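Chemist: Here is what each chain is made of, one letter per residue.
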Amino acid sequence: DQQVKQNSPSLSVQEGRISILNCDYTNSMFDYFLWYKKYPAEGPTFLISISSIKDKNEDGRFTVFLNKSAKHLSLHIVPSQPGDSAVYFCAASYYKLSFGAGTTVTVRA
Amino acid sequence: EAGVTQFPSHSVIEKGQTVTLRCDPISGHDNLYWYRRVMGKEIKFLLHFVKESKQDESGMPNNRFLAERTGGTYSTLKVQPAELEDSGVYFCASSPTGTGSGANVLTFGAGSRLTVL
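Going down the list, the sequences are from chains A and B.
Count along the first sequence starting at 1, add 135, and that's the number in our numbering.
Count along the second sequence starting at 1, add 49, and that's the number in our numbering.
To be clear, the hints were calculated from the coordinates, so they are not data collected in a lab.
Remember, predicted model here, so these are calculated numbers, not experimental data.
Just to be clear, a hint being listed does not mean it is correct.
Now the in silico label distances, taken between C-beta atoms and shown as ranges [what the hints assert, rightly or not]:
| # | chain 1 | residue 1 | chain 2 | residue 2 | range |
| --- | --- | --- | --- | --- | --- |
| 1 | A | GLY151 | B | SER102 | 48 to 56 Å |
| 2 | B | GLN66 | A | ASP190 | 45 to 53 Å |
| 3 | A | ARG196 | B | LYS64 | 40 to 48 Å |
| 4 | B | HIS59 | A | LYS191 | 34 to 42 Å |
Below, computed lysine-lysine pairings styled on BS3-like, alpha-carbon distance capped at 25 Å [said to hold, decoys possible]:
| # | chain 1 | residue 1 | chain 2 | residue 2 |
| --- | --- | --- | --- | --- |
| 5 | B | LYS90 | A | LYS206 |
| 6 | A | LYS172 | A | LYS206 |
| 7 | A | LYS203 | A | LYS172 |
| 8 | B | LYS100 | B | LYS90 |
| 9 | A | LYS231 | B | LYS100 |
| 10 | A | LYS203 | A | LYS140 |
| 11 | A | LYS231 | A | LYS140 |
| 12 | A | LYS206 | B | LYS93 |
| 13 | B | LYS100 | B | LYS64 |
| 14 | A | LYS140 | B | LYS90 |
| 15 | A | LYS231 | B | LYS127 |
| 16 | A | LYS140 | B | LYS100 |
| 17 | B | LYS100 | B | LYS127 |
| 18 | A | LYS206 | A | LYS191 |
| 19 | B | LYS64 | B | LYS127 |
| 20 | A | LYS172 | A | LYS189 |
| 21 | A | LYS140 | A | LYS191 |
| 22 | A | LYS172 | A | LYS191 |
| 23 | B | LYS90 | B | LYS64 |
| 24 | A | LYS203 | A | LYS231 |
| 25 | B | LYS90 | B | LYS127 |
| 26 | A | LYS172 | A | LYS140 |
| 27 | B | LYS90 | A | LYS231 |
| 28 | A | LYS231 | A | LYS191 |
| 29 | A | LYS172 | B | LYS64 |
| 30 | A | LYS231 | B | LYS93 |
| 31 | B | LYS64 | A | LYS231 |
| 32 | B | LYS127 | B | LYS93 |
| 33 | B | LYS93 | A | LYS172 |
| 34 | A | LYS172 | A | LYS231 |
| 35 | B | LYS103 | A | LYS203 |
| 36 | A | LYS203 | A | LYS191 |
Residues from chain A that face chain B, not an exhaustive set, calculated with beta carbons under 8 Å [stated by the list, open to error]:
| # | residue |
| --- | --- |
| 37 | GLN137 |
| 38 | TYR167 |
| 39 | PRO179 |
| 40 | PHE197 |
Built from N, CA and C at the ideal position, the CB exists for glycine as well.
So that you can see chain B by itself, here it is in the shape it has in the complex (with noise of 0.2 Å):
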């Protein structure tokens, strides 16, 4: 079974620029996640989708990101115009329909790594 696959795995930008990370679930998790990890903090949360629909977009820092999952399969997560504290590690998540134990377990990609010079 492939897992989360996430792309770039590494993407350097201007200040002011715009950068559209992409993630590809595991095959019919219909749960997706975008968490961010700065340097040395916590891993924090951004948005879920229930297939095509944000359940929550509580974490999103401001109106520079955009997150679309269309169709309910792949996601884009678009930052525009990039600023410096933009910098971190972007990690996709995705797991299976439900509520109970298996559904809280999460399935992480490697990350894309945004730097903002």
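So here's chain A without its partners, still in its complex pose (with noise of 0.2 Å):
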């Protein structure tokens, strides 16, 4: 049972424009939302994260944001850059982190 889901398996995007990245969940108890990045060859590495009490998080070029009522949550990349190209994985977490299948983002220059 994934409780997790990223429906768009890839995205493409030019440097410099915005990608938006989206994930979906159903169990109501996560409290805690994560955004990791992957590279080939390398584990996740941590992102962004955003609590459940909040609806938006920022950090400098990444922006999570959080909608409790839809069970949703986007991450943005603004503006995207070669190097931003990798796997994109969200996780929830409530005990434990439970991940999504991932999006590969690819930044054409």
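Since each chain sits alone in its own frame, please combine them into the complex, following the hints.
Modeler: See the structure below:
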């Protein structure tokens, strides 16, 4: 039973434009949400997080939005850079982290 | 600070053989997790240690998988006997003790890729 879903397996965006990654979840008990970024042959690395009591968290070029009523969160990257090309995983926490299947982002020059 | 270290980085074995994966967490991290990712799918939780105790092993697929954490330091994950469906990347992660936002952020190792032929 997959509780965290990333329905877009891939996203291609031009350098300098905005990347928007989406994530849906089913478990209303999740109290913390995170995004991880993964390069090939490396482990996922923490990118940004948001508590369930907030609806937005910003860190430089990265902003995460949370819509609890819709059980939906999104990650905005602006402007997108070539080094942002990676797999992005959405994760949600309630005692343990549950991950989505990832979205592969390709930033075109 | 050294990160989470996993060994081997890649293992190729035949069905029915045994493989042992090792994880060295960040020093001082009491929480240690094992996750697995099958090609293109989600990263799935396997189990969670707090020090040497298994806190949650609800994600372990079956009794062919055995995880240990000797003395609350490094951990091993043994698969015996391996089956084709066990192929995937096994990630280990660790986090500090305690609750709250800090404890939710896991630091992952690079993973051990297991291929069962």
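Chemist: If a hint holds in the structure, say so; if it doesn't, say that too.
Modeler: Cross-check of the supplied hints:
A hinted range of 48 to 56 Å holds for the C-beta pair GLY151(A) and SER102(B), which are about 50 Å apart. A C-beta distance of roughly 50 Å is found between GLN66(B) and ASP190(A), which places it inside the suggested range of 45 to 53 Å. Separated by about 46 Å at the C-beta atoms, ARG196(A) and LYS64(B) satisfy the suggested range of 40 to 48 Å. In this structure, HIS59(B) and LYS191(A) meet the distance hint of 34 to 42 Å, their C-beta atoms being roughly 40 Å apart.
Our distance criterion of 25 Å between C-alpha atoms is met by LYS90(B) and LYS206(A), whose separation comes to about 21 Å. For the hint pairing LYS172(A) with LYS206(A), the CA-to-CA distance comes to about 21 Å; that is within 25 Å, so the pair holds. Between LYS203(A) and LYS172(A), the direct Cα distance comes to roughly 23 Å. Compliance with the 25 Å bound is thereby established for this hinted pair. Under the criterion of a C-alpha separation no larger than 25 Å, the hint pairing LYS100(B) with LYS90(B) is inconsistent with the structure, at around 29 Å.
Proximity of LYS231(A) to LYS100(B) is assessed by CA-CA distance (about 16 Å); at most 25 Å being required, the pair is judged to hold. For a cut-off of 25 Å, the pair hint linking LYS203(A) to LYS140(A) stands: about 15 Å separates their Cα positions. Between LYS231(A) and LYS140(A), the direct Cα distance comes to roughly 16 Å. Compliance with the 25 Å bound is thereby established for this hinted pair. Between LYS206(A) and LYS93(B), the direct Cα distance comes to roughly 20 Å. Compliance with the 25 Å bound is thereby established for this hinted pair.
For the suggested pair LYS100(B) and LYS64(B), the alpha carbons sit about 32 Å apart, so the restraint of at most 25 Å is broken. Under the criterion of a C-alpha separation no larger than 25 Å, the hint pairing LYS140(A) with LYS90(B) is consistent with the structure, at around 10 Å. Distance check on the hinted pair: LYS231(A) and LYS127(B) sit about 22 Å apart at the alpha-carbon level, within 25 Å; holds. Taking the CA atoms of LYS140(A) and LYS100(B), the gap is near 31 Å; set against the 25 Å cutoff, the hint is violated.
Note on LYS100(B) and LYS127(B): the hinted pairing holds, with a Cα-Cα distance of about 18 Å set against a maximum of 25 Å. Taking the CA atoms of LYS206(A) and LYS191(A), the gap is near 14 Å; set against the 25 Å cutoff, the hint holds. For the hint linking LYS64(B) to LYS127(B), the alpha-carbon distance of about 14 Å falls within 25 Å, and the restraint holds. Proposed proximity of LYS172(A) and LYS189(A) is supported: the alpha carbons are some 22 Å apart, at most 25 Å.
At roughly 20 Å between alpha-carbon atoms, LYS140(A) and LYS191(A) fall within 25 Å of each other, so this suggested pair holds. Our distance criterion of 25 Å between C-alpha atoms is met by LYS172(A) and LYS191(A), whose separation comes to about 19 Å. Proximity of LYS90(B) to LYS64(B) is assessed by CA-CA distance (about 22 Å); at most 25 Å being required, the pair is judged to hold. For the hint pairing LYS203(A) with LYS231(A), the CA-to-CA distance comes to about 19 Å; that is within 25 Å, so the pair holds.
Distance hint between LYS90(B) and LYS127(B) is fulfilled; the C-alpha atoms sit about 22 Å from each other, no more than 25 Å. Among the hinted pairs, LYS172(A) with LYS140(A) is consistent with the structure: their alpha-carbon atoms are about 16 Å apart, no more than 25 Å. This hinted pair checks out: LYS90(B) and LYS231(A) have alpha carbons roughly 18 Å apart, not beyond 25 Å. A C-alpha spacing of about 22 Å is found between LYS231(A) and LYS191(A), which places the hinted pair at or below 25 Å, so the restraint holds.
Taking the CA atoms of LYS172(A) and LYS64(B), the gap is near 32 Å; set against the 25 Å cutoff, the hint is violated. Restraint check for LYS231(A) and LYS93(B): satisfied, since their Cα atoms lie roughly 11 Å apart, inside the 25 Å limit. For a cut-off of 25 Å, the pair hint linking LYS64(B) to LYS231(A) is broken: about 31 Å separates their Cα positions. A distance of roughly 17 Å separates the Cα atoms of LYS127(B) and LYS93(B); the hinted pair therefore holds under the 25 Å criterion.
Between the alpha carbons of LYS93(B) and LYS172(A) the distance comes to roughly 16 Å, so the proposed pair stays at or under 25 Å and holds. Distance hint between LYS172(A) and LYS231(A) is fulfilled; the C-alpha atoms sit about 18 Å from each other, no more than 25 Å. At most 25 Å may separate the alpha-carbon atoms for a hinted pair to count; LYS103(B) and LYS203(A) exceed this at roughly 32 Å. For the suggested pair LYS203(A) and LYS191(A), the alpha carbons sit about 11 Å apart, so the restraint of at most 25 Å is met.
Hint status for GLN137(A): holds, given a least beta-carbon distance of 6 Å to chain B, under 8 Å. With a least beta-carbon distance of about 5 Å to chain B, the hint placing TYR167(A) at the interface is held under the 8 Å criterion. Interface hint status for PRO179(A): upheld, as the beta-carbon distance to the closest one in chain B is roughly 5 Å, under 8 Å. The interface hint given for PHE197(A) is violated, since its Cβ lies 15 Å from the closest Cβ of chain B, which is over the 8 Å cut-off.
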